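Counted from 1, the sequence shown has number 938 at position 152 by my numbering; the numbering is strictly sequential.
Hints are supplied without guarantee of correctness; some may be wrong.
Claimed, not checked - With a cut-off of at most 20 angstroms between alpha-carbon atoms, the simulated EDC-like pairs for lysine to aspartate or glutamate come out as follows: (1) Lys851 - Asp829; (2) Lys1020 - Asp870; (3) Lys1020 - Asp961; (4) Lys918 - Asp822; (5) Lys949 - Asp917; (6) Lys861 - Asp1000; (7) Lys851 - Glu982.
These are calculated hints, taken from the structure and not from any lab test.
Since this is a predicted model, take the numbers as computed values, not measurements.
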Amino acid sequence: MKILAFFLLCSVVLLGCSPNVQLVTVRGSNVHQTDDGLLLDNDTLTLQYNFASERGVIHITLINKLNQPLYVDWKRSSLIVGKDKLDYWYDVAEVQLTSLTDSRLNRYIYSAGTILKDDKIGFIPPQTRLDKQQFVLVPQGALILPGSFKTEQEASNLSNRKKPVVVNVYNYSADQSPLTFRNYLTLSTDKDFRNEFHIDTKFWASEVKVLPRDQILTQKNEGEYSYSVPVPFKKPDSFYVPLPVQ
């Protein structure tokens, strides 16, 4: 009986503990915050950035507001993280092979392949949208957070925890941020790019919170049998980076 009680106590302790994450809030030079993400809007297009993900997957949505096509030159567009340039388009092709093997003869009978290659020029018809998801801001490790932080308390999202959660909050200006990146796009209203224009947006991590993962990825009960499912992370101007368990 004592052994059973010990294991039950251990289970409660483990469930109550959560690895920490860095919750990174992003701001930009020529975009404004909306419920759908960071937005640039003019008479020609709407450009929307959504970062809601683990490690900062950048989801770009381009909406053509014109009554004529809009073109994006991916070869002359780049994401610049720090001082490192990442190109949207490379002159390479991906080959996907499918093989059929005769088990009796223990050899290949034939192989068929498909060659896939991204378009160098993106075509957006009038009054339509184009979505692009290609880069991850923090593919490994975590952000190194210089400077001082302030400590706040938040109500816990866990129903079995009554004590508030301690959160460390770091705030940064654009020139002091531990994460800066730019997105540079080349666009045109004609396919020959005689009327090309450019959008150059500088982004930075303006706030980083260090807090338990369960504060942003809680569980909820759902369905007839009340099983637990994770609540998705839905802050479009933010992303989170998991920290190693100490």
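Hints and how they fare:
1. Lys851 - Asp829: It holds: about 7 angstroms lies between the C-alpha atoms, which stays within 20 angstroms.
2. Lys1020 - Asp870: violated, 28 angstroms
3. Lys1020 - Asp961: Given that 20 angstroms is the threshold and the Cα spacing comes to 27 angstroms, the pair is violated.
4. Lys918 - Asp822: holds, 15 angstroms
5. Lys949 - Asp917: violated, 42 angstroms
6. Lys861 - Asp1000: The hint is violated at about 41 angstroms.
7. Lys851 - Glu982: Given that 20 angstroms is the threshold and the Cα spacing comes to 16 angstroms, the pair holds.
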